[in-house]
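Work out the full structure: start from the sequences and follow the hints.
Protein chains in written order, with this note's numbering: chain A, 5 to 118; chain B, 299 to 413.
Since the hints were made in silico from the structure, they are not lab data.
Warning: the hint list may mix true and false statements.
Not the full set, but computed from the structure, chain A residues with beta-carbon under 10 angstroms of chain B [to be verified]:
id, residue
1, Thr11
2, Asn32
3, Tyr35
4, Glu106
Source: prediction; values computed, not measured.
For glycine and all other residues, C-beta sits at the position ideal for the given N, C-alpha and C.
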Amino acid sequence: NAGVTQTPKFRVLKTGQSMTLLCAQDMNHEYMYWYRQDPGMGLRLIHYSVGEGTTAKGEVPDGYNVSRLKKQNFLLGLESAAPSQTSVYFCASSSYEGGYNEQFFGPGTRLTVL
Amino acid sequence: AQSVTQPDIHITVSEGASLELRCNYSYGATPYLFWYVQSPGQGLQLLLKYFSGDTLVQGIKGFEAEFKRSQSSFNLRKPSVHWSDAAEYFCAVAGAGGGADGLTFGKGTHLIIQP
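Put into structure tokens, the structure is as follows:
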């Protein structure tokens with residue numbers, strides 16, 4: 005099993021450009037998440053999904069959109085990138101087993117917006 | 299809403315010495331608590347978790363953590379650190395959903411191991 009994979013690994017954008025980050029998991033997990041990691045800030049939740057076709061906002065959703073058309077994929081979109089969105093983006097997936105959700109993380113996507 | 303505080307941004311420990319990383323949480327009920335480790339350029343790996351039962355929990359790589367409700371703490375410990383333990387450590391908390399609606403992370407503690 006590949007676990008959680010993220011595409012691309014690195015990307016440089018100019019202000020105003022758009023892009024989509026792809027997260028894929030092969031563990032048949034119901035739940036998927038997008039976090040961003042900034043220096044000295046830890047990880048902050050952007051959006052999440054509790055099942056195919058459903059999405060919800062997290063702590064820092066502004067400037068991002070998401071879609072979960074297939075259970076195994078969770079897409080994060082930036083419609084008009086801004087320098088403040090320069091960050092490392094992590095995707096995670098989980099299932100509810102044993103009374104809690106253990107989240108499995110992907111390797112991250114490093115995004116720079118110039 | 300829940301929150302997590304990791305008071306130490308950096309900690310330096312000599313190889314072979316013991317380690318304790320501090321984590322304090324804020325949540326009205328019994329929380330779900332996690333410790334994750336992030337090696338440079340990598341994703342996060344779960345070290346251990348607590349949500350009920352024995353307040354001393356064992357994890358991978360020789361780590362353990364103790365849940366103290368009276369102090370709202372969930373400190374991570376290891377009796378003897380190895381150079382490979384150098385990494386960023388994150389404490390995280392989840393509310394009643396057990397993490398279904400995401401985790402709230404602390405800002406992390408950067409662990410440096412001196413030879």
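Hint check, asparagine 32 of chain A versus chain B [nearest Cβ-Cβ separation less than 10 angstroms]: Because about 16 angstroms separates asparagine 32 of chain A from the closest Cβ in chain B, which is outside the 10 angstroms limit, the hint is violated.
Minimum beta-carbon distance criterion (10 angstroms), threonine 11 of chain A to chain B: violated (14 angstroms)
Interface restraint verdict for glutamate 106 of chain A against chain B (beta-carbon cut-off 10 angstroms): Constraint on glutamate 106 of chain A satisfied, holds at 6 angstroms.
Evaluation of the interface hint that places tyrosine 35 of chain A against chain B, nearest CB under 10 angstroms: Constraint on tyrosine 35 of chain A satisfied, holds at 6 angstroms.
Checked against the numbered hints listed earlier, the structure breaks hints 1, 2; every other hint is satisfied.
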